[in-house]
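From first to last, the protein sequence lines are chains D and Z.
Residue 307 in this note's numbering sits at position 319 of the first sequence, with consecutive numbering throughout.
Residue 126 in this note's numbering sits at position 93 of the second sequence, with consecutive numbering throughout.
Any given hint might turn out to be false.
[To be verified] If you want the footprint, here are the derived chain D segments under chain Z, 3+ residues with CB under 8 angstroms:
1) 321 to 335
2) 385 to 392
[What the hints assert, rightly or not] Some, not all, of what chain Z presents toward chain D, calculated at C-beta under 7 angstroms:
3) L109
4) A114
5) S132
6) P138
7) Y155
8) V259
Derived by calculation from the structure, the hints in this document are not laboratory data.
Note that the Cβ used here is the ideal one computed from N, Cα and C, for glycine as well.
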Amino acid sequence: MTDDSPARATDGERVTDGKRATDGEPFVPATRDRTGQTGTLRLASLIAWTSLRRAVRRALARPRRTAVVVLFFAVVWGSVLFDGPGGATSPPGPGGFDTFGDAATVGVYARGLAAVGWVGAVVLAALGATTRLDDVDAAALTLPAAGVRATFLGTLAAEHARRFAVIGGFASLAVVSVAAGGGGVGTLPTGGVAVLCVFVTAELVGHVFALWWSSRTDGEVLSPGLRLLAAGAALMGVTLGAVRLDVIVPLFAQTPLGWYGDLFLLGTPAPARPRLAAAAAVASVGGVVPLYLLAERLARRVWFRDPPAPTPSRGRATAMTADTVLTDRLPVDDAARAVARRVWLQTVRRPKTLVFLGIPFLFAGTVVVSGDYPPAFPVLLGLYGAWAAGIGTTLNPLSSEGAGLPLLLTSPLAGGGVVRGYVLASVSVAVPAVATVVLLAAPLAGFSAQLTLAGVVVGVGLTLGTAPLSVAVGVGIPRIERLSATSVDGPLTPSKFALAAHSLVILLLSLPALAGVALEPRFGPWALWLGVAASLALASLGGALGYRYAAARFGRLRLA
Amino acid sequence: MPEPVVADGGFTRPAPVARRMTDGGEVVETAGLRKEYGDTVAVASLDLSIPAGEVYGLLGPNGAGKTTTMRLLTTLVEPTAGTARICGTPVTNRRAVASEVGFLPEEPPLYDELTGREQLEYAAGIRGLSVDAETALTRAGLGDAVDRRIEAYSTGMAKRLGLLQATVHDPALLVLDEPTNGLDPRAARRVRETVQTVAARGTTVLLSTHVLPVAEAVSDRVGVFVDGRLRAEGPPTELRDHREDLEDAFLRLTDDRTATDRRPVAEVDD
Chain D
-11 MTDDSPARAT DGERVTDGKR ATDGEPFVPA TRDRTGQTGT LRLASLIAWT
39 SLRRAVRRAL ARPRRTAVVV LFFAVVWGSV LFDGPGGATS PPGPGGFDTF
89 GDAATVGVYA RGLAAVGWVG AVVLAALGAT TRLDDVDAAA LTLPAAGVRA
139 TFLGTLAAEH ARRFAVIGGF ASLAVVSVAA GGGGVGTLPT GGVAVLCVFV
189 TAELVGHVFA LWWSSRTDGE VLSPGLRLLA AGAALMGVTL GAVRLDVIVP
239 LFAQTPLGWY GDLFLLGTPA PARPRLAAAA AVASVGGVVP LYLLAERLAR
289 RVWFRDPPAP TPSRGRATAM TADTVLTDRL PVDDAARAVA RRVWLQTVRR
339 PKTLVFLGIP FLFAGTVVVS GDYPPAFPVL LGLYGAWAAG IGTTLNPLSS
389 EGAGLPLLLT SPLAGGGVVR GYVLASVSVA VPAVATVVLL AAPLAGFSAQ
439 LTLAGVVVGV GLTLGTAPLS VAVGVGIPRI ERLSATSVDG PLTPSKFALA
489 AHSLVILLLS LPALAGVALE PRFGPWALWL GVAASLALAS LGGALGYRYA
539 AARFGRLRLA
Chain Z
34 MPEPVVADGG FTRPAPVARR MTDGGEVVET AGLRKEYGDT VAVASLDLSI
84 PAGEVYGLLG PNGAGKTTTM RLLTTLVEPT AGTARICGTP VTNRRAVASE
134 VGFLPEEPPL YDELTGREQL EYAAGIRGLS VDAETALTRA GLGDAVDRRI
184 EAYSTGMAKR LGLLQATVHD PALLVLDEPT NGLDPRAARR VRETVQTVAA
234 RGTTVLLSTH VLPVAEAVSD RVGVFVDGRL RAEGPPTELR DHREDLEDAF
284 LRLTDDRTAT DRRPVAEVDD
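Make the full structure from the sequences, and use the hints.
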């Protein structure tokens, strides 16, 4: 101990009074030694609590978003509470579960849904797992001070608590409401235990999987292209599952995961299997520690590995592709073309927003599985193209600019040039894509040449017309990070309100075309083409207004 | 030995854009310039005049108004009151001023997803210019990182790239906010040399820094900001008293308890 070391007080508390600086207050704060009270659990609790407090404050700082989330769950929970089995407005019957059908069916559905819920919770946990040291809250402070075990446990607990608050909390409330409202036969005495077992094990399994996958793939979890495909396939899978619940649920019910359903059903009239329910509970409780230790071991391996070496070749390849797409033949000035090229490269390399493009897979999946093509299928495909093009590139321009915004604002490029750049980035890719998809899909689904052509015209026309409109929506309803942030993790996905506004705009502009499709069998082709023309006229008008608004906003933009 | 970081690596321009103020003309002129954020006065009645080719160092404690002043002069924020002109053009005329100003904020305005080459080509492209990015980057010592994404750049590399793009259009005024912040001594020296090279060509440089030896080494004049006001300005040698260095002078000038006790020759009257 040197002379500078803090003196140790006789009561076991180390008191650092701090050295007086020659001027002003010292930077060394007075502290008390609490090393006897810094076990792993206590430190992990402190880390988790701090993380949760930050999450709550972030939520309070975004009251609109928080209100929407709360409202959504309030509506869902309210519907379960009042309209669920035994609820105030549910059909009268001898008991809550009887409204679902006979006891055997209830048993199958309980097991199947428990299994599906467990898988869903695993996926959510895996997607949200902390697989990079950079994602740990204040890692440079927390890790040296609290150690890896407490940091990982605290981080995991905080993530789990956040998810449980939103999803698990809802599930718990639903269980309680069923239990409370079901009368003599609808009680779920083990429901709470089952919810805990499902969510805790799913959380750990999800983390183990994500960390294991990350350790196998050297940090690059999935390439952007594969991520898109995976997201599309996942959405397709969800759609297939939702459409064919009658197949999926019994299938999952037969797996060991279905034992969680038995745990739910203990004490109810449904035919539960007590031994399997007990096995599920025992396995869950007994598996917590080994799973946690495995996850922690993987985290130590993944968090502290060397970063992957930079790969220059991919950058050149995508830049050349961008140059190919944005050819000089397009009638746009060079400055706008520079913006377009940059936006295109950003979008392709950080394709968070492109995940939204997977949503049409939901639609396609539903149609393919059901085999029931709606009459307006070609036009709807075209609409999806226009919708997706806006979301992919133009609906959050300020976030795309991010830390680079001062460069744009200190350039002589006018607002109109910026908007033209974004529009060019969007339409140069989307227009051929939309036309190709409709031209391929509509004839394959057996639609006439006329409807196929209408789909192409509407898709291309709306894509062109709504591109500037979506830029306008994006600058009007932006979602951005602080520009002063030293680490901005790429462009953010658009604001949910911008997404809603963009979707509404597309829907409104397409209404005449959809009406034309509906009226065509009765009034003939002219009704179809009148509707298409009206949609195109509206799109042109909206595009012009959107261009003016967005250009003016960009022109007036200043830093706060 | 890499050369100073100036983007003269063979760029072409469709038309001459630099309109230099020579023969004693003022590149930066402000009169009563003021910026308020709600109740907070970031810049209070600033009268500043910087002639062509001068390197002017902005000094001051954190929150003194240096960055806001730079943002005002680069059109990134609008003044609450007063006027500011760059090469005779009011800063309210953003597009005209933009052609005359190059700006490197403390955090270089770069797009992480782009490579160095793409970033520099973009910076030139939005000004209607084309640039031989590879030559420029190589001359700036970034030859190995031409096609590497910026997210993999170190702080020094990002600063160099930011400086390159700030000079890509050969501006009349180069504004640098903490250009040596976070750089190692070698990189910091290259930035200093770049500033001197740019100034020798006739470009006016306005830079803010907390590194007083940097300010002393490169600045023809320095201005000391305190609480949004220009408390003193003059050549570094004149701001110092006989036996003190610039750090002592800075601490004296920015200390409220002593500032009124001793007024240097170049102290500015409010």
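Could you check the structure against the hints above and give me the numbers of any it violates, in ascending order?
When the structure is compared with the hints, numbers 4, 8 turn out to be violated.
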